[in-house]
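Q: Given the sequences, and given the hints that come with them, work out the whole structure.
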Amino acid sequence: MLREVELTVGGRPVRLWDKGEGVAPPAVFFAGIGGLPRWIPFLDRLAEQRRVLVPALPGFPGAPDFRHLDSLLDWIVQIVETLEALDERPVDLIGSSVGGALAAEAAAIAGPLVNRLVLIAPFGVYDADDPAADIWAQVPGPDSIPNLVCADPETWKQAWTLPEGAAAIDWQVMQSRAMEASARLLFPFGDTGVVSRLHRIDHPTLLVRGEADRVLPASYNARFADALAGEVRTASIPDAGHLPELDAPDELARQINAFLADQELK
Amino acid sequence: MKNLWFHLMPYKDLPDDFRDEHPSVWVDIDAGLLDAKRVHEHYNDYLDELEFAAEAGFDGICCNEHHQNGYGLMPSPNLIAATLTRRTASPAICVMGNSLALYNPPTRVAEEFAMLDCMSGGRLIAGFPVGTPMDTIFAYGQNPSKLRDRYYEAHDIVMRAWQEPETFSFNGRFNQLRYVNVWPRPVQEPHPPVWIPGGGSVETWRWCAEKDYVYSYLSYFGYKAGAATMQGFWDEMDRLGKDRNPYRAGFLQFVAVGETEQEALELYREPAEYFYGRCLHVNPKWASPAGYQSEATIRAKVQSQVAQAAQASRGPAGAAREWQDILDLGYVIAGDPDQVAERIREVCVNLNVGHLMLLCQFGNMGTDLAKYNTRLYAEKVLPQIRDLFDDQWQDRWWPQPLAERAAPRDLALAAGG
Chain R
175 MLREVELTVG GRPVRLWDKG EGVAPPAVFF AGIGGLPRWI PFLDRLAEQR RVLVPALPGF
235 PGAPDFRHLD SLLDWIVQIV ETLEALDERP VDLIGSSVGG ALAAEAAAIA GPLVNRLVLI
295 APFGVYDADD PAADIWAQVP GPDSIPNLVC ADPETWKQAW TLPEGAAAID WQVMQSRAME
355 ASARLLFPFG DTGVVSRLHR IDHPTLLVRG EADRVLPASY NARFADALAG EVRTASIPDA
415 GHLPELDAPD ELARQINAFL ADQELK
Chain B
51 MKNLWFHLMP YKDLPDDFRD EHPSVWVDID AGLLDAKRVH EHYNDYLDEL EFAAEAGFDG
111 ICCNEHHQNG YGLMPSPNLI AATLTRRTAS PAICVMGNSL ALYNPPTRVA EEFAMLDCMS
171 GGRLIAGFPV GTPMDTIFAY GQNPSKLRDR YYEAHDIVMR AWQEPETFSF NGRFNQLRYV
231 NVWPRPVQEP HPPVWIPGGG SVETWRWCAE KDYVYSYLSY FGYKAGAATM QGFWDEMDRL
291 GKDRNPYRAG FLQFVAVGET EQEALELYRE PAEYFYGRCL HVNPKWASPA GYQSEATIRA
351 KVQSQVAQAA QASRGPAGAA REWQDILDLG YVIAGDPDQV AERIREVCVN LNVGHLMLLC
411 QFGNMGTDLA KYNTRLYAEK VLPQIRDLFD DQWQDRWWPQ PLAERAAPRD LALAAGG
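So the sequence lines, in the order shown, correspond to chains R and B. Residues 175 to 440 (this note's numbering) are what the first sequence spells out, left to right. Residues 51 to 467 (this note's numbering) are what the second sequence spells out, left to right.
Note that these hints are calculated values from the structure, not bench results. Worth double-checking, as some hints may not be accurate.
[What the hints assert, rightly or not] Result set (BS3-like, lysine-lysine): computed pairs, CA atoms no more than 25 Å apart in a straight line:
(1) LYS331(R) to LYS193(R)
(2) LYS430(B) to LYS274(B)
(3) LYS335(B) to LYS196(B)
(4) LYS331(R) to LYS335(B)
(5) LYS351(B) to LYS331(R)
(6) LYS292(B) to LYS351(B)
A: Here it is in structure tokens:
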């Protein structure tokens, strides 16, 4: 059963979703760009084998306050305190896209809070010779972001379908707030300088990428893989874009479940 | 009322196929289109035109700030204004303005505006725009989620820097300045009049009312599209209990004056179509980065007719580009002097605007035609409308120059005129 509670982090409300159980450490999911307006099938697949905790990231649906966060340090403190507010740790930390950038920072700065790490097309690096898409310079319209972040834009639109009884304007503001929060953290290049901290991440790490990612080039995951200190495995998801959790929930969950269950990894 | 002559300083040689072959006039405009020798000629002509407008009797002359822009060759309006302090004697010099968040530290604006006020003997109007997304976010790399907070903080620094009698420290969110003590300070006390160029945002209207600044609506789409925005502004002033002094407001309007209506329609067609066809060819991907608009504005845009009209008037995507449409929609007021005067009077009364900013040069208009337009307006339109509002209202937002002003050595321009 899906439980929803409200954490207080830094005096501000953070929605926490909590589902599933198991003997393994809980898996925590940090959402990708846009955040999660509702529970998605990918999380169900994960929760079949373990407890899954999904705290909302600042500015994403479920955590409206973020404009007090000015520096990267402000963001890192917020994320570390979010993990500290959970009732079980360490956790297997899974971060996608924007959430991947923050998951990497948490692992680098507060390593003992994290058991294993999964990074799905994480932001955090930039290469002028192999540039990422400019997600902030998009022709306005209902299709531009879905077309950019998903191989099948319908999967984004499904996640963002207006719930019955909700006001369209609230839904629109929630989405633009989430995009603004990503800009606040990552504008203009998505380069957080994490490369200089990756040597601190000695956790077993799975690096995942949707093969049809139109936002971040494949070389960016390779930059992470080269600099991480722990054992690194890689996976690529066919028919998935920047957000494989929307495009290919079953295959992504299968890869992550296999990685987290692998007893050979240290 | 006040008539101010406004220059955008467009590049005049954008090719005929610009719309089809080039993605944007702004941000990533093709540098291969630029001939610096032509820009040299442009600056000479454009400064001549501003000086000509001053001599012709306009109350003020205006320049503004754009970056990486094919219709605005003024990344630094303060340089233009500096030359105008030396080559004009009496008009207000309206810098419309400096995008505060782009200056690091913002005391730079306090210093340069103070210099301009001292150089001109107190003729400066200080414009403080937030700046368009093209200028601020994409050309100057500001974080869209922090732009407005940076703007407000920079504003506070500049206003304190002009007025605090002693050295002070400013420990802000974005600026840490241990010793703020700008030299020189402005001639005008307590500070030059502050005008805020803005779009149709309710927050800006409220802020202007709270600070007692002029709100200036700078749209390229004329009095018909602008009416709803100005109506929204005055409704908000009513709600806030402010008087309806028309000098609280500024408004931009293109004008095209001929000896006859027929002459005006013939002379100004090409430069108008050049401006609306080529100069406003902006790639829409630059228009609305996440965070540039506040949540309140997003809500207002969806919910309010006023703001929808404002948005439509600002968005060039669907804007008219053919001369007849440009005229019908009121982007350009064209006609003989009496027709133009009558329309201008009507616009100023209906929109309740005391500060009218006029674009007499636009698009690829040659300097002779720009001066012709300017002269006809000054000689035959201006006298018909100059007295508007003055029996009823006082302009509290106009510069107060020194009575005795020094003049440049070789020009012998009379001060105090």
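Q: Take a quick look at whether LYS351(B) and LYS331(R) sit within 25 Å of each other, Cα to Cα.
A: Holds: LYS351(B) and LYS331(R) sit about 23 Å apart, inside 25 Å.
Q: Would the pair LYS331(R) and LYS335(B) pass a check requiring their Cα atoms to be no farther apart than 25 Å?
A: holds (21 Å)
Q: LYS335(B) and LYS196(B) were given as a pair; does the straight-line alpha-carbon distance stay at or below 25 Å?
A: holds (20 Å)
Q: Regarding the pair LYS331(R) and LYS193(R), is the alpha-carbon distance no greater than 25 Å?
A: holds (24 Å)
Q: Measure nothing beyond the straight line between the CA atoms of LYS430(B) and LYS274(B); if it is 25 Å or shorter, mark the hint as holding.
A: holds (24 Å)
Q: Against the 25 Å threshold, does the CA-CA distance of LYS292(B) and LYS351(B) hold or violate the hint?
A: Judged against 25 Å, a Cα distance of about 24 Å means the pair holds.
Hint violations for this structure: none, all hints satisfied.
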